[in-house]
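Using the sequences provided together with the hints, build the complete structure.
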Amino acid sequence: MTVAGAQGRNEPAQLAVPAALTQKWPALTSLEGAPAFNVGRVYAAFAADIDNGTHTVPDFADAVRRHEVIAAIERSAASGERVKA
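Numbering of the sequence shown is given in my numbering, commencing with residue 15 and proceeding in unit increments.
Just so you know, these hints were derived from the structure itself, not from any lab. Just so it is clear, CB atoms sit at the ideal spot from N, CA and C, and this is done for glycine as well. Where hints are given, some of them may not hold.
Said to hold, decoys possible - Label pairs and their in silico Cβ distance ranges:
id	residue 1	residue 2	range
1	G94	N66	39 to 47 angstroms
2	A18	T70	33 to 41 angstroms
3	G22	E95	32 to 40 angstroms
4	T68	R23	35 to 43 angstroms
5	F60	E82	16 to 24 angstroms
6	E82	T16	23 to 31 angstroms
The following block contains the structure:
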């Protein structure tokens, strides 16, 4: 996975992932570059959130909210009207 970004009217350019993020979970470094690496990182961060009472990665409540927004977009597209999300 690559991440790109642009500022203003500049062309998008690939952004480097800070080493602090890729090296935070050393047990996963052998998977770096594979889809499993990102999944493992999210699971590790989710477990840390539960242990520490933090909220650094999306949880079920975030997923519910995203689905509510998607449903509102679908209702708006079908009706041609603005809807509250």
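Evaluation of the provided hints:
Taking 39 to 47 angstroms as the suggested C-beta distance range, the pair G94 and N66 conforms, at roughly 46 angstroms. At about 23 angstroms, the beta-carbon gap between A18 and T70 misses the expected band of 33 to 41 angstroms. Restraint check, G22 to E95: a C-beta distance of roughly 33 angstroms satisfies the suggested window 32 to 40 angstroms. Against the hinted window of 35 to 43 angstroms, the Cβ-Cβ separation of T68 and R23 comes to about 37 angstroms, which satisfies the hint.
The supplied range of 16 to 24 angstroms is met by F60 and E82, whose beta-carbon atoms lie about 21 angstroms from each other. Judged by the Cβ atoms, the range 23 to 31 angstroms given for E82 and T16 holds: they are separated by roughly 30 angstroms.
The structure is inconsistent with hint 2 alone, although it conforms to all the rest.
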